[in-house]
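With the sequences and hints as input, model every part of the structure.
Going by our numbering, the letters in the sequence shown line up with residues 20 to 269, in that order.
The hints are simulated quantities; they were obtained by calculation from the structure and are not laboratory data.
No incorrect hints appear here.
Here are the simulated BS3-like pairs of lysine-lysine, each with C-alpha atoms no more than 30 angstroms apart in a straight line:
1) 156 to 104
2) 104 to 196
3) 138 to 104
4) 146 to 136
5) 146 to 114
6) 114 to 104
7) 138 to 106
8) 156 to 146
9) 114 to 136
10) 196 to 106
11) 114 to 65
12) 104 to 136
13) 114 to 156
14) 196 to 114
15) 146 to 104
16) 156 to 65
17) 146 to 106
18) 106 to 156
19) 65 to 146
20) 136 to 106
21) 114 to 138
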Amino acid sequence: MHRFITPPENCHEDWVELTGPEVHHLRNVLRVACGDRVEVLDGQGKCYTVEITELNSRRMRGNTLSMRQQPPPPVRISMGLGILKHKAMETAIRKSVELGVDHITPLECRYSVPRIKSKEQQDRLEKWNRIAAEAVKQCGRFTVPRVGPTETLEAYCQGREQGVLKLFFWENERTRKLNDINVPEEVTSIAFLVGPEGGFSPEEAEQATRHGFVPVSLGPRTLRAETVPLVALTLLQYRWGDLASAHLPG
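Next up, the structure:
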């Protein structure tokens, strides 16, 4: 069944409405018609099965047949991601959403190759958020993670509240693995850092450490920058998240 996303205010107990570019895709690309059934996400954890009753170039409206709600994840994961080259950044965002990240903050780092001009910022963020939304449709999530706004490393580190497990995956950390992190209480929120293609500078690593981020190694191999978030998220989900044995079905 085709899946679409609309704001929560368009979702009601009896009917659901879809507007904007999603209508063009539904009507002109997928050739969906009145009487067909589709799934509509509100982006905040609910999925509506809808039978289309009205469809034109501006909107789709349909009757709500059922509503499903996904429970919140066992751990919420925020990622500060050093801005990568265009295709690598898009890959990292798409795959991180598939692996359950809750929020991605693009970071302006010393070794970030693309320097995004201020007039391009909004267009780039809109594109990254479209990629995140498309990944949600594909992977079966009901909640759409937010990408942005872009921050400096210092601002991101300062903005992480107390009580959050803070990590940064750094190529110059040779000994400390994730299993070496001793956390006495249950982990429900994680913030982690991943650098750009050139990695973190020594000054940035010191900055992160000063704000309580613990450096962690991902092993002896040199990974591509867009691979690091995927490995990091898989390890975090396996230890504390929905890939942990305690949270798997059966």
